[in-house]
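Participant: Sequence:
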Amino acid sequence: MKMKSRNFVGIVLFMALLLLNCTNDNTDGTNSTGRLTVQLTDAPFPYDLVAEANVTVFKIDARQKSGDEMEDESSDETDGNDDDEMDDNYPFIVLMEQEIDVNLLDLTNGVTEQLADIEVPTGTYDLIRVYVKGINVVLTDGRTFDLKVPSGEQTGIKIFVKPAITVSGGLSTDLLLDFDVSRSFIAKGSIKKVDGITGFNFKPVIKACNLSTAGTLKGTITTIEDEMAVSLEGAQISVFAADTLNTTGFSDVDGNYAIMGLEAGTYEVFAELEGYVPSDTLEIQINAANNTVQDFVLEIESTTD
Numbered sequence: 002m003k004m005k006s007r008n009f010v011g012i013v014l015f016m017a018l019l020l021l022n023c024t025n026d027n028t029d030g031t032n033s034t035g036r037l038t039v040q041l042t043d044a045p046f047p048y049d050l051v052a053e054a055n056v057t058v059f060k061i062d063a064r065q066k067s068g069d070e071m072e073d074e075s076s077d078e079t080d081g082n083d084d085d086e087m088d089d090n091y092p093f094i095v096l097m098e099q100e101i102d103v104n105l106l107d108l109t110n111g112v113t114e115q116l117a118d119i120e121v122p123t124g125t126y127d128l129i130r131v132y133v134k135g136i137n138v139v140l141t142d143g144r145t146f147d148l149k150v151p152s153g154e155q156t157g158i159k160i161f162v163k164p165a166i167t168v169s170g171g172l173s174t175d176l177l178l179d180f181d182v183s184r185s186f187i188a189k190g191s192i193k194k195v196d197g198i199t200g201f202n203f204k205p206v207i208k209a210c211n212l213s214t215a216g217t218l219k220g221t222i223t224t225i226e227d228e229m230a231v232s233l234e235g236a237q238i239s240v241f242a243a244d245t246l247n248t249t250g251f252s253d254v255d256g257n258y259a260i261m262g263l264e265a266g267t268y269e270v271f272a273e274l275e276g277y278v279p280s281d282t283l284e285i286q287i288n289a290a291n292n293t294v295q296d297f298v299l300e301i302e303s304t305t306d
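Numbering (my numbering), first residue to last: 2 to 306.
Quick caveat, the hints were computed from the structure, so don't treat them as lab data.
List of simulated lysine-lysine pairs, DSSO-like, C-alpha gap at most 27 angstroms: (1) Lys-204 <-> Lys-194; (2) Lys-134 <-> Lys-204; (3) Lys-193 <-> Lys-149; (4) Lys-60 <-> Lys-149; (5) Lys-204 <-> Lys-189; (6) Lys-60 <-> Lys-134; (7) Lys-189 <-> Lys-149; (8) Lys-134 <-> Lys-149; (9) Lys-193 <-> Lys-204; (10) Lys-204 <-> Lys-60; (11) Lys-194 <-> Lys-149; (12) Lys-149 <-> Lys-204; (13) Lys-134 <-> Lys-189.
Construct the entire structure; sequences and hints are all you get.
Facilitator: Next comes the structure, spelled out in structure tokens:
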């Protein structure tokens, strides 16, 4: 009887120690940190006159906003000149602090540059600040224009995240920053030919989206020649939401295109290229965290004497 009693007490003590250890490792059954990654891509545009659009990112931080009620921002993108009052009650978490040189023209058709991958406190994040310097544009004729950075080097480019992202304990959240080169680098002079460009103004336009709630539209643009499919480079794909142009994309040398960061929902898309008949407008469905494939076949425009 004494032996059985001692065994029972030993088992009870072992279970108590095991329970205590689990409680210390995982308070309230949740992790206190989760992983947040930040990737950068470029909303594509026809840059046949531009060889490079360079930017150096040297710091990124994110505002952790507690509570369920979020500020209702009118847009999830920034033009680099937001004057919204910053609330000092909410802390900023540094996500990255090192120099990363990026040619934005390399980040098209689904190509991204990872800027941060870090454990952060769990919670809701509604604002990203990106600090940049070393902005310049290189034209195809070899000329280089160094551009001023409006507030981006001192206070960071403010990018509101709508809807705000939530980082959960033990899980990973992926954030995509879409740097719209065509709207951020404003050419001076004539853009009909390269020697007509006299400079650029830099007005950064960046959109942030949660990759877990957004999807990608991708496909191939071709035409038929001698009963064979031929890839078309430079075809424009226009994406509309509620009769409003949402974004555009362009096919590469192999005829492929990819447009990332489209919020889940229904869109209307069509493709066009000079010298070809525009495609029909098609309704497509974008699903969260998935690829939607839509190919286009364009017919050559007929010519008459």
